[in-house]
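Protein sequence lines, in the order shown, are assigned to chains G and Z.
Using my numbering, the final residue of the first sequence is 264, and nothing's skipped along the way.
Using my numbering, the final residue of the second sequence is 1578, and nothing's skipped along the way.
Take these hints with a grain of salt, some might be off.
What the hints assert, rightly or not - Derived Cβ-Cβ restraints for the label pairs, each shown as a range:
| no. | chain 1 | residue 1 | chain 2 | residue 2 | range |
| --- | --- | --- | --- | --- | --- |
| 1 | G | Ala190 | Z | Ala1147 | 14 to 24 Å |
| 2 | G | Ala166 | Z | Phe1349 | 37 to 47 Å |
| 3 | Z | Pro1038 | G | Lys108 | 48 to 58 Å |
| 4 | G | Asp188 | Z | Pro1491 | 23 to 33 Å |
| 5 | Z | Arg1525 | G | Asp120 | 22 to 32 Å |
| 6 | G | Pro116 | Z | Lys1409 | 50 to 60 Å |
What the hints assert, rightly or not - Reference excerpt, derived from the structure (chain Z facing chain G, CB under 7 Å, subset only):
| no. | residue |
| --- | --- |
| 7 | Gln1104 |
| 8 | Gly1106 |
| 9 | Ala1109 |
| 10 | Ser1113 |
| 11 | Ser1368 |
What the hints assert, rightly or not - Distance condition first, Cα-Cα at most 20 Å in a straight line; then the derived EDC-like pairs of lysine to aspartate or glutamate:
| no. | chain 1 | residue 1 | chain 2 | residue 2 |
| --- | --- | --- | --- | --- |
| 12 | Z | Lys1035 | Z | Asp1049 |
| 13 | G | Lys182 | G | Glu7 |
| 14 | G | Lys224 | G | Glu184 |
| 15 | G | Lys108 | Z | Asp1412 |
| 16 | Z | Lys1035 | Z | Asp1412 |
| 17 | G | Lys157 | Z | Glu1493 |
| 18 | G | Lys157 | Z | Glu1526 |
| 19 | Z | Lys1035 | G | Asp249 |
| 20 | G | Lys108 | Z | Asp1049 |
| 21 | Z | Lys1037 | G | Asp189 |
FYI, nobody ran anything at the bench for these hints, they're computed from the structure.
The structure presented is a predicted model; accordingly, all values stated were derived computationally and were not measured.
In this text, a Cβ means the ideal position worked out from N, Cα and C, and glycines have one as well.
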Amino acid sequence: MTAPERELPFYQPVGDECELFEAAWRQQLPVLIKGPTGCGKTRFVAHMAARLNLPLITVSCHDDLTAADLVGRHLIGDGATYWVDGPLTRAVREGGICYLDEVVEARKDTTVVLHPVTDDRRVLPIERTGETLIAPKNFMLVVSYNPGYQHVLKSLKPSTRQRFVALAFDFPRPEVETAVLKQESGLDDARIAQLVTLAGQLRRLAGYDLEEGVSTRLLVYAAKLMAAGMAPRRACRTALVEPLSDDTDTVAALAAIVDAQFAA
Amino acid sequence: MNAYPVHPDAAVPLAAMETLLPVLFRALGGDPALKLKPAGGHGAHAWQDEATLYLPESIALFDTAELNRRLYLWLAALSAEPVDETLDWLNRNRVAAAACLARQPGLAAEYRSLVEAFLALRPEPDSLPDEQRLAELAVRAALTDPAREQPASANLAGLAPVPLWLHPNPPRPQAKPDAGANKQAGSAAPTETPDNGPRAKQGDKQAGEEKKVALTDFKFEAKPRWEDYLSDHRDNQGGGEGGQGDEEKGPRATGAIDGDDAPPATSGMTYGFAWHTENDDTPLGPGIKLPEWDCRKNALVPDYCLLKPMLPAGASRQPLPDRLKSLARHIQRQFQALTPERSRKSGEFNGPDIDLDRVIRFFVERHSGHAIGEPGLYQAWPQKERSLACLLLADLSLSTENRLPSGHKIIDVIRDSLALFAEALTASGDRFGLYGFSSIQRDEVRFLVLKDFSERYDDETRGRVLALRPGYYTRMGAAIRQASAVIAEQPAERRLLLIVSDGKPSDLDHYDGRYAVEDTRESVREARALGVTPFCVTVDQEASAYLPHIFGSNGFVVVQQAETLPQVLTRLYAQMTR
Ligand SMILES: Nc1ncnc2c1ncn2[C@@H]1O[C@H](COP(=O)(O)OP(=O)(O)OP(=O)(O)O)[C@@H](O)[C@H]1O
Ligand SMILES: [Mg+2]
Chain G
1 MTAPERELPF
11 YQPVGDECEL
21 FEAAWRQQLP
31 VLIKGPTGCG
41 KTRFVAHMAA
51 RLNLPLITVS
61 CHDDLTAADL
71 VGRHLIGDGA
81 TYWVDGPLTR
91 AVREGGICYL
101 DEVVEARKDT
111 TVVLHPVTDD
121 RRVLPIERTG
131 ETLIAPKNFM
141 LVVSYNPGYQ
151 HVLKSLKPST
161 RQRFVALAFD
171 FPRPEVETAV
181 LKQESGLDDA
191 RIAQLVTLAG
201 QLRRLAGYDL
211 EEGVSTRLLV
221 YAAKLMAAGM
231 APRRACRTAL
241 VEPLSDDTDT
251 VAALAAIVDA
261 QFAA
Chain Z
1001 MNAYPVHPDA
1011 AVPLAAMETL
1021 LPVLFRALGG
1031 DPALKLKPAG
1041 GHGAHAWQDE
1051 ATLYLPESIA
1061 LFDTAELNRR
1071 LYLWLAALSA
1081 EPVDETLDWL
1091 NRNRVAAAAC
1101 LARQPGLAAE
1111 YRSLVEAFLA
1121 LRPEPDSLPD
1131 EQRLAELAVR
1141 AALTDPAREQ
1151 PASANLAGLA
1161 PVPLWLHPNP
1171 PRPQAKPDAG
1181 ANKQAGSAAP
1191 TETPDNGPRA
1201 KQGDKQAGEE
1211 KKVALTDFKF
1221 EAKPRWEDYL
1231 SDHRDNQGGG
1241 EGGQGDEEKG
1251 PRATGAIDGD
1261 DAPPATSGMT
1271 YGFAWHTEND
1281 DTPLGPGIKL
1291 PEWDCRKNAL
1301 VPDYCLLKPM
1311 LPAGASRQPL
1321 PDRLKSLARH
1331 IQRQFQALTP
1341 ERSRKSGEFN
1351 GPDIDLDRVI
1361 RFFVERHSGH
1371 AIGEPGLYQA
1381 WPQKERSLAC
1391 LLLADLSLST
1401 ENRLPSGHKI
1411 IDVIRDSLAL
1421 FAEALTASGD
1431 RFGLYGFSSI
1441 QRDEVRFLVL
1451 KDFSERYDDE
1461 TRGRVLALRP
1471 GYYTRMGAAI
1481 RQASAVIAEQ
1491 PAERRLLLIV
1501 SDGKPSDLDH
1511 YDGRYAVEDT
1521 RESVREARAL
1531 GVTPFCVTVD
1541 QEASAYLPHI
1551 FGSNGFVVVQ
1561 QAETLPQVLT
1571 RLYAQMTR
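Next up, chain G with everything else stripped away, as it sits in the complex (with noise of 0.2 Å):
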């Protein structure tokens, strides 16, 4: 199956991780990704994906996700039944890159189907309809989630996280986020040397007075704003200030920050 020329979705790389990413692929190896949030791990994946010329299939992983939603199920249709492929199996039927984003969220129960499909076995039993499915070479599992304090309650069971190679990401270098924010959103270099200087400042207060530091995925954001003519103090409060915190002794904050860095 030739897949279609795809347009290669733009990404930044911050260090060797394309390289590390292919070798793992090259050895079927399963990959996990872990970094705050709006860090660049989905654009990464899809950057990769259309690299290495695999289909990409994303599950938004949440609470309520069985095991049946990853594997299949069957439906009813006109009087008689049938099976429909859940995304884990269609990618390992298929082949390409099956991503599991925020995995973290989903139920350790469920996170079990993955083992046998992890380890150098690599099959996926379908207990429902008695298959016992064998990954092609082209099939890749791919994992994502957020490491910081706040989901200390959500960490992944030893024996699935050890199925993985690990990468771990952070907010990018300056000069790497410079590099996005201009590819992204087109602003001037000068506002978007600004954009970076802020960013700097408020990841400072990461873990004291905000959850997480700054996304590039907002700054991002206020860069579109901005490009788009928003004045700078207004994009960047509604793009950084109000996303960060609810508090309003914390926006109040954040607000003078921003000021402090963009006149009016």
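Add chain Z with the ligands to chain G, keeping to what the hints say.
Okay, now just chain Z with the ligands, sitting in the frame of chain G:
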């Protein structure tokens, strides 16, 4: 000294800005460990020392509140700038202001408005004697155009103060013998050696640095902090190999004896100190033997500690104190929202309602010939759907007697935190227990039962929380082991052990330094093995030197302003359990 008019009507008190300024200061690169305090008695100047950022108690320099407010913002921003201590006062401030304005273009307009209003308050240069006139012109130029270079200034003595700049001669706690030489405000000579810790480094502080301390950075104190203000009174020096401890339980001696690993006694201060035995907490039962990790032997020594569950003395039934009521109401409302409406549980084997989805799925599966054995086809509303148990373990060592900059004692903040936490959890419906601990050597680890898991939180249990007093030392390992054992028995899917602490683990009998840290680390490991998630919330600003090693880099938070602990604790709990 103060040459300027005062505008009481336009005055802005520091209290009105005290939540905003520290955040701005930290974000702009100021040392996050510094506490904000009002500068009293030193004129309207800003300065900082190793522990504190001082800002004027109130600013009434200008006739509008807006300008006075801007001056606060400016001083916080300027204070965050690294200072070149080798320059004279004028240039030190000029260079810092220029750097600050270059990095914070948003401040430029406000700074200009401040300078303009401020110069109007200063004396006309032409009205001054000759040498002062030149100095005044230099100050004006430096304020107006800080980026323009200036020669090291001549004598600025006698000039009107410049409250837009940092303190010319900040008071230093440990004054060097010659520190008095440059008393004159405005002396052009640098006043101190440039090496003053946090300020030297503040320029390159990175986000999260607090948490990323390498293990090699460990600084173990040789002695418990307690001894900072109580002289040594180790009542044995058995060598730490496990030979000591079984001896007399009589009144403990107050003679100063150094353990063999203790540094020489540094001060001659000796406080008489008697362990209060009457009016003591009530032991519950004979006590529990617990092991302790000996890192020198790399082994767990069984039955090494005796932990005594106790009820706090002097507790009586208490309603929620008035001062906590409105905050409690606020937090309760938030926590009621946590009690999930998703408390419906599907796929139960029995329950009051049929789970339609599952019934349909079941029939479909059966139709296809692959029915599963015994399907759960009912829905139920079990009592504790969040299936979460939380044990809060509070450090009640004597160091909690210490006062915070605001004047509150740490123990008061801990007491309030526990009280509010309990109100919040009662509203959420999660099962919880409250315990406290302190210790006096290995055979007296005092484990205060404030609210057992089986007890309701009511006036009785609240009374115990409100009766908390500081205890003795901090044998954290034993306390964590017992707390883990208690919470591990709770029927819940997730078990959170929240430890509220104010300092590193330490006790008298060689339970300090690396030994104490390693034992605590081991107890945390054991807790995890029991299916418990330990998490530490500390008010010790130095905690990043040892907590990552004990709890892992995501296993703790440092609360910057201890006074906010009650709010932080409940907020953390809400974040972690959602
Ligand atoms: N290295 C990068 N190259 C290109 N774009 C990036 C990069 N890092 C971040 N971005 C931008 O940030 C946005 C958010 O990234 P992404 O959605 O991948 O975050 P995420 O890590 O998956 O977050 P979450 O954990 O919240 O799902 C992207 O849409 C993209 O604009
Ligand atoms: Mg994502």
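Tested hints:
1. In this structure the hint that alanine 190 of chain G and alanine 1147 of chain Z lie 14 to 24 Å apart at CB holds, the actual value being about 18 Å.
2. Between alanine 166 of chain G and phenylalanine 1349 of chain Z the CB atoms are about 38 Å apart, so this pair conforms to the stated range of 37 to 47 Å.
3. Between proline 1038 of chain Z and lysine 108 of chain G the beta carbons are some 52 Å apart, a value that agrees with the proposed interval 48 to 58 Å.
4. For the pair aspartate 188 of chain G and proline 1491 of chain Z, the supplied restraint of 23 to 33 Å is violated, since their beta-carbon distance comes to about 60 Å.
5. Checking the proposed 22 to 32 Å range against arginine 1525 of chain Z and aspartate 120 of chain G shows it holds: the Cβ atoms sit about 29 Å from each other.
6. For the pair proline 116 of chain G and lysine 1409 of chain Z, the supplied restraint of 50 to 60 Å holds, since their beta-carbon distance comes to about 57 Å.
7. The beta carbon of glutamine 1104 of chain Z is positioned within 7 Å of a beta carbon in chain G (closest approach about 4 Å), and the interface hint is therefore held.
8. At about 5 Å, the closest approach between the beta carbon of glycine 1106 of chain Z and any beta carbon in chain G falls short of 7 Å, and the interface hint on this residue holds.
9. Interface hint status for alanine 1109 of chain Z: upheld, as the beta-carbon distance to the closest one in chain G is roughly 6 Å, under 7 Å.
10. About 12 Å separates the beta-carbon of serine 1113 of chain Z from the nearest beta-carbon of chain G, more than 7 Å, and the hint is not met.
11. With its C-beta approaching chain G no nearer than about 4 Å, serine 1368 of chain Z sits inside the 7 Å limit, and its interface hint holds.
12. Restraint check for lysine 1035 of chain Z and aspartate 1049 of chain Z: satisfied, since their Cα atoms lie roughly 10 Å apart, inside the 20 Å limit.
13. Annotation: proposed proximity of lysine 182 of chain G to glutamate 7 of chain G holds, straight-line Cα distance about 19 Å (limit 20 Å).
14. Pair hint lysine 224 of chain G plus glutamate 184 of chain G holds up; C-alpha atoms about 8 Å apart against a cutoff of 20 Å.
15. The hinted pair formed by lysine 108 of chain G and aspartate 1412 of chain Z fails the criterion: a straight-line CA distance of about 40 Å is larger than 20 Å.
16. Annotation: proposed proximity of lysine 1035 of chain Z to aspartate 1412 of chain Z holds, straight-line Cα distance about 19 Å (limit 20 Å).
17. The straight-line distance between the Cα atoms of lysine 157 of chain G and glutamate 1493 of chain Z is roughly 13 Å, inside the 20 Å bound, and the hint therefore holds.
18. For the given pair, lysine 157 of chain G sits about 16 Å from glutamate 1526 of chain Z by alpha-carbon distance, which is consistent with the 20 Å threshold.
19. Distance hint between lysine 1035 of chain Z and aspartate 249 of chain G is fulfilled; the C-alpha atoms sit about 17 Å from each other, no more than 20 Å.
20. Distance check on the hinted pair: lysine 108 of chain G and aspartate 1049 of chain Z sit about 50 Å apart at the alpha-carbon level, beyond 20 Å; violated.
21. For the proposed pair lysine 1037 of chain Z and aspartate 189 of chain G, the alpha carbon gap of about 39 Å is over 20 Å, so the pair is violated.
Figure legend: structure checked against the earlier numbered hints; hints not met, in rising order: 4, 10, 15, 20, 21.
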